[in-house]
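Peer 1: One-letter residues, chain by chain:
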Amino acid sequence: MTTLTPPPALPKNAGRRRPLSRPFNWRRAIALTLLALAIAVSILPFYWVLRTALSSNGSLAANSANLLPADFNLGAFKRVFGLQSASEAIAEGGSGASINFWQYLWNSLLFSGITTACAVFFSSMAAYAFSRLRWKGRDAVFSLFLATMLVPPIFTALPNFLLIKNLGLLNSMLGLVLPYLFMTPFAIFFMRQFFLNMSREVEEAAMLDGAKHWRIFFQIIMPNAAAPIATLALLTFMGQWNEYFWPLLVGTSEESRVLTVGLGVFKSQSPQGAPDWSGLMAATLVSATPVLILFAIFGKRIVNSIGFNGTK
Amino acid sequence: MTMLTKPPEPGLSARAPRKSPKRGKPSDGFRGIGDLKIALFFIAPAMIGLILFYLVPTIRGIYLSFTEYSILGDPEWIGARNYERIAKDPLFWNALGVTSEYVVINIVLQTALALGLAILMHRVAKSTLIRGALLMPYLMANVIAALLWFWMLDYQIGVINQIIEWTGLPRVAFFGSEQWAIPTQALINTWRHMGYTALLIFAGLQAIPNSVYEAASIDGSKAVSTFWRITLPLLRPVLVLVLVVTVIGSFQVFDTVAVTTAGGPVNATRVLQFYIYQRAFNEQDFGYGSALAVILFLILAIVAFLQMKFLRGNQSDLD
Numbered sequence: 001m002t003t004l005t006p007p008p009a010l011p012k013n014a015g016r017r018r019p020l021s022r023p024f025n026w027r028r029a030i031a032l033t034l035l036a037l038a039i040a041v042s043i044l045p046f047y048w049v050l051r052t053a054l055s056s057n058g059s060l061a062a063n064s065a066n067l068l069p070a071d072f073n074l075g076a077f078k079r080v081f082g083l084q085s086a087s088e089a090i091a092e093g094g095s096g097a098s099i100n101f102w103q104y105l106w107n108s109l110l111f112s113g114i115t116t117a118c119a120v121f122f123s124s125m126a127a128y129a130f131s132r133l134r135w136k137g138r139d140a141v142f143s144l145f146l147a148t149m150l151v152p153p154i155f156t157a158l159p160n161f162l163l164i165k166n167l168g169l170l171n172s173m174l175g176l177v178l179p180y181l182f183m184t185p186f187a188i189f190f191m192r193q194f195f196l197n198m199s200r201e202v203e204e205a206a207m208l209d210g211a212k213h214w215r216i217f218f219q220i221i222m223p224n225a226a227a228p229i230a231t232l233a234l235l236t237f238m239g240q241w242n243e244y245f246w247p248l249l250v251g252t253s254e255e256s257r258v259l260t261v262g263l264g265v266f267k268s269q270s271p272q273g274a275p276d277w278s279g280l281m282a283a284t285l286v287s288a289t290p291v292l293i294l295f296a297i298f299g300k301r302i303v304n305s306i307g308f309n310g311t312k
Numbered sequence: 001m002t003m004l005t006k007p008p009e010p011g012l013s014a015r016a017p018r019k020s021p022k023r024g025k026p027s028d029g030f031r032g033i034g035d036l037k038i039a040l041f042f043i044a045p046a047m048i049g050l051i052l053f054y055l056v057p058t059i060r061g062i063y064l065s066f067t068e069y070s071i072l073g074d075p076e077w078i079g080a081r082n083y084e085r086i087a088k089d090p091l092f093w094n095a096l097g098v099t100s101e102y103v104v105i106n107i108v109l110q111t112a113l114a115l116g117l118a119i120l121m122h123r124v125a126k127s128t129l130i131r132g133a134l135l136m137p138y139l140m141a142n143v144i145a146a147l148l149w150f151w152m153l154d155y156q157i158g159v160i161n162q163i164i165e166w167t168g169l170p171r172v173a174f175f176g177s178e179q180w181a182i183p184t185q186a187l188i189n190t191w192r193h194m195g196y197t198a199l200l201i202f203a204g205l206q207a208i209p210n211s212v213y214e215a216a217s218i219d220g221s222k223a224v225s226t227f228w229r230i231t232l233p234l235l236r237p238v239l240v241l242v243l244v245v246t247v248i249g250s251f252q253v254f255d256t257v258a259v260t261t262a263g264g265p266v267n268a269t270r271v272l273q274f275y276i277y278q279r280a281f282n283e284q285d286f287g288y289g290s291a292l293a294v295i296l297f298l299i300l301a302i303v304a305f306l307q308m309k310f311l312r313g314n315q316s317d318l319d
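Taken in order, these protein sequences are the chains called A and B.
Following our numbering, the numbering of the first sequence begins with 1 at its first residue and continues without gaps.
Following our numbering, the numbering of the second sequence begins with 1 at its first residue and continues without gaps.
Among the hints, a few may not be true.
Stated by the list, open to error - Within a straight-line C-alpha distance of at most 27 Å, the following computed DSSO-like cross-link-like pairs (lysine-lysine) qualify:
#1 300(A) / 126(B)
#2 37(B) / 136(A)
#3 37(B) / 212(A)
Rather than coming from a laboratory, the hints here were simulated on the basis of the structure.
Just need the whole structure built from these sequences, with the hints factored in.
Peer 2: What follows is the structure, given as structure tokens:
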């Protein structure tokens with residue numbers, strides 16, 4: 001990672017690779033400033049959410065650009081978790097409609113957790129068959145799986161909604177998770193890529209010992225793939241956590257709402273004209289927190305996983 | 001989910017070529033006829049998912065597009081009538097226009113900003129922390145990004161309008177005016193995706209070997225011409241991929257619109273997917289909704305095909 005090569009020994013090569021950096025150091029300063037600006041644009045809105053969530057609605061208008069919370073209080077969070085009575089909520093600028101983010105949090109957790117666990121596992125199984133086993137038609141079937149990545153989700157969402165409806169699973173957790181349960185084309189692609197590069201030696205030794213394929217898969221392949229599985233699980237979980245369209249179609253009842261849908265409902269219930277901004281921002285923060293925690297713990301893994309372009 | 005990611009290096013170190021799964025077959029000796037039976041066991045769950053939730057719905061969706069169907073009762077075959085109606089539907093053409101506007105603004109802004117950011121990172125700072133900070137917005141749900149900006153861009157008491165006023169300019173009705181509604185949606189999306197796209201391009205920059213730049217500077221190439229003649233052409237496969245993914249994703253804009261403007265003001269943000277949603281789910285016109293979805297699917301397929309063909313995205317100049 002040495003981008004800034006030290007001054008080269010030969011004067012002939014002075015400034016090679018990056019002729020800009022040495023003679024014009026101010027360019028580097030400008031570059032760093034621009035980068036800092038981009039980081040500020042990316043991160044400051046999160047602070048603004050926090051600041052608003054800790055403010056009270058009545059004081060926001062008079063302090064619209066004050067960096068500190070306006071009239072600090074935790075009422076917004078109480079409202080979000082259904083800890084305020086309707087009259088209290090209305091007095092603080094809320095809608096007074098019952099809203100319970102504990103329920104939505106739990107639903108989001110179930111929805112994302114179940115789909116991630118199942119999809120990653122089943123996709124790994126399929127990826128094993130597409131990489132470590134040899135059978136007729138393997139590449140054709142794999143191409144079929146890959147091709148489904150091109151199908152826009154809305155296109156399959158309509159018929160899938162009808163299927164879930166006909167099965168009587170609308171507004172149920174099973175109906176929510178079912179289409180995501182068996183695989184995602186991306187997960188298969190991702191795991192196959194990894195399995196293709198694994199050494200065959202251990203596997204072959206195990207086979208000579210008479211081990212069956214399922215034992216090889218569970219005892220050799222999967223343990224050795226712990227790192228990519230963790231990455232894949234993280235990415236899948238966050239993707240599911242942020243999913244909006246499908247839960248909007250299938251999970252509309254109070255009991256089956258996930259966080260994203262709950263946020264939308266909370267926003268639409270908010271009094272027109274004078275929205276419950278601090279309540280909305282508190283809800284937003286609550287919805288973002290789990291992903292923020294995951295990012296704080298696994299940030300490096302997530303950041304480093306991005307950049308595979310599939311063409312090479 | 002359109003995450004493009006890099007599988008980490010394998011644990012059981014192996015120096016196998018990336019492509020060509022059919023390279024030397026050391027294990028073939030074990031089973032003469034191949035592993036078909038055992039393979040079927042391993043792909044069975046994924047196969048169920050593929051058939052039930054991708055293949056059958058695709059066929060069913062195309063079938064429904066030729067019917068009149070309001071959830072109650074049975075679909076009634078009406079031939080190509082839905083498509084004829086679409087051709088004469090001003091709301092469809094409006095949706096197509098509005099969506100295209102969104103896509104264009106989005107692509108131009110996002111790609112330009114991301115390319116700039118990637119180059120900045122590549123030149124002055126490669127730390128994971130910086131990349132992580134830039135990636136933060138991408139990890140948030142669209143719904144969150146939408147609400148956050150809905151608040152910050154509020155006409156009355158949003159902080160951005162406050163700042164605009166300080167500079168002496170008039171306040172902007174970001175969500176409330178027909179003229180601004182689509183650019184605002186595109187800005188929100190650009191905010192969310194900018195860092196992610198920059199990281200993809202950054203990875204592409206990292207893959208260009210230093211020897212190329214060295215050769216260029218020995219030949220006396222200036223920084224600007226090095227960028228245009230060397231960096232950009234060598235980045236082409238990555239850029240094409242980014243463009244294809246961004247265009248396809250942008251055409252399917254829904255979440256931010258649904259949460260903030262819900263198609264309005266008037267029809268200003270009634271984008272294609274939102275229009276499909278309204279026809280199918282609000283008006284229970286599943287046949288018409290399906291036909292619209294087929295059209296969207298075709299548009300995406302054509303756009304992706306053209307991009308790959310004309311930008312030669314699957315060929316690299318690095319080999």
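Peer 1: If a hint holds in the structure, say so; if it doesn't, say that too.
Peer 2: Results for each hint:
no.	hint	in the structure
1	300(A) / 126(B)	holds, 13 Å
2	37(B) / 136(A)	holds, 11 Å
3	37(B) / 212(A)	holds, 13 Å
Of the numbered hints listed earlier, not one is contradicted by the structure.
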